[in-house]
Amino acid sequence: MSERDPEGPSGRDVVAHFLRREVRSIADNEPLAREGADTEGVHQLRVSARRMRSELRAMRDVLPREPWRDLGEELRWMGSTLGRLRDLDVLAELFEEHLSPRSTLHTAVTAVLDERRAMSRRDVAELLASRRYARLVKRLTRLSRHPEMGDAGDTGAAELFLPSLWDAVGTYLATIGNPHDHRSDEALHRVRIASKKCRYNFEVATLYAGERARVVAESLESIQTILGLVQDRSVAVRFLDSLGLEPDADLEVRRALRAEIVELRPQWIVHFHHVQRDVLGVFARD
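Under our numbering, the first residue of the sequence shown is numbered 3, with each subsequent residue one higher.
There could be a bad hint or two in this list.
Beta-carbon label-pair distances, calculated as ranges [to be verified]:
1) Asn180 / Glu128: 24 to 30 Å
2) Asn180 / Glu95: 33 to 39 Å
3) Glu42 / Arg134: 32 to 38 Å
4) Ile271 / Asp250: 33 to 39 Å
5) Glu95 / Ala251: 19 to 25 Å
6) Val139 / Ala261: 40 to 46 Å
7) Arg71 / Glu117: 37 to 43 Å
8) Pro69 / Arg133: 14 to 20 Å
9) Asp15 / Ser102: 51 to 57 Å
10) Arg144 / Asn180: 45 to 51 Å
Derived from the structure by calculation, the hints contain no laboratory data. By construction, the Cβ of each residue, glycine as well, lies at the ideal position given by its N, Cα and C atoms.
Sequences are here, hints too, so could you generate the full structure?
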């Protein structure tokens, strides 16, 4: 593993960097999410919550139990509530691309999605108006200014985080195994989740390991993006299942969605090979 650069950031510097970035993002996007006129505000607010939760998970081995203990659960609550609306928005956009706006199927799909989106918008409005959310934002803001890490915060980031990064790599590669193995859509979704978890370990590492870590993080993000597109289409097919339509009513769109899934499915593998190729360089001595 790399020797620590004495001029590199401390552990506290790294934690503060990511917290401040996400707190700024929440401040920027919360007004848009409150207005509800633009789906992007909710999307970016959810991204901030989920990204911060993933970053804190990547750093959990060096964060003391207090005051960090339940922060991940609070961020999960926030991200989950925002995510339900965002997932419906993505589904609506996907069907807009695949259905004729004057078709009976479009009318049926839109009616169900509009009802569910209206309910989710109310949930988001309640979240943003809640004391629980206000306390969470206040807490995150305070921690972003003064990350509480004890003496460990003064230790170099590389010394603190490289051991857990090494463990994350081993877990990830063992989880994926042979990328060419046949996998169900559900199994590919698990690959996506594993790639996301590993990615954020390397996002954190960009601050103390630089370009080598960034390259690996980008490959993992590509895997996450491609398999996210697969997941979106799988969810769309299951949504059609839930409508109970006549067998031929949605046959054409099902075929189109399945064809896209087949095309997308293998595209992640090349990026996984890039991870395999580049990951050891992050730990190499110069």
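Taking the hints in turn, this is what the structure says about them:
For the hinted restraint 24 to 30 Å between asparagine 180 and glutamate 128, the CB-CB distance of approximately 46 Å leaves it violated. Between asparagine 180 and glutamate 95, the C-beta spacing of about 34 Å keeps the proposed range 33 to 39 Å intact. Separated by about 24 Å at the C-beta atoms, glutamate 42 and arginine 134 break the suggested range of 32 to 38 Å. As the Cβ distance of isoleucine 271 to aspartate 250 is approximately 35 Å, the hint placing it in 33 to 39 Å holds.
The hinted range of 19 to 25 Å is satisfied by glutamate 95 and alanine 251, whose Cβ atoms lie roughly 21 Å apart. Between valine 139 and alanine 261 the Cβ separation comes to about 44 Å, which falls inside the hinted range of 40 to 46 Å. Restraint check, arginine 71 to glutamate 117: a C-beta distance of roughly 38 Å satisfies the suggested window 37 to 43 Å. Against the hinted window of 14 to 20 Å, the Cβ-Cβ separation of proline 69 and arginine 133 comes to about 18 Å, which satisfies the hint.
As the Cβ distance of aspartate 15 to serine 102 is approximately 54 Å, the hint placing it in 51 to 57 Å holds. The hinted window of 45 to 51 Å between arginine 144 and asparagine 180 holds, with their beta carbons roughly 46 Å apart.
Checked against the numbered hints above, the structure breaks hints 1 and 3 and satisfies the rest.
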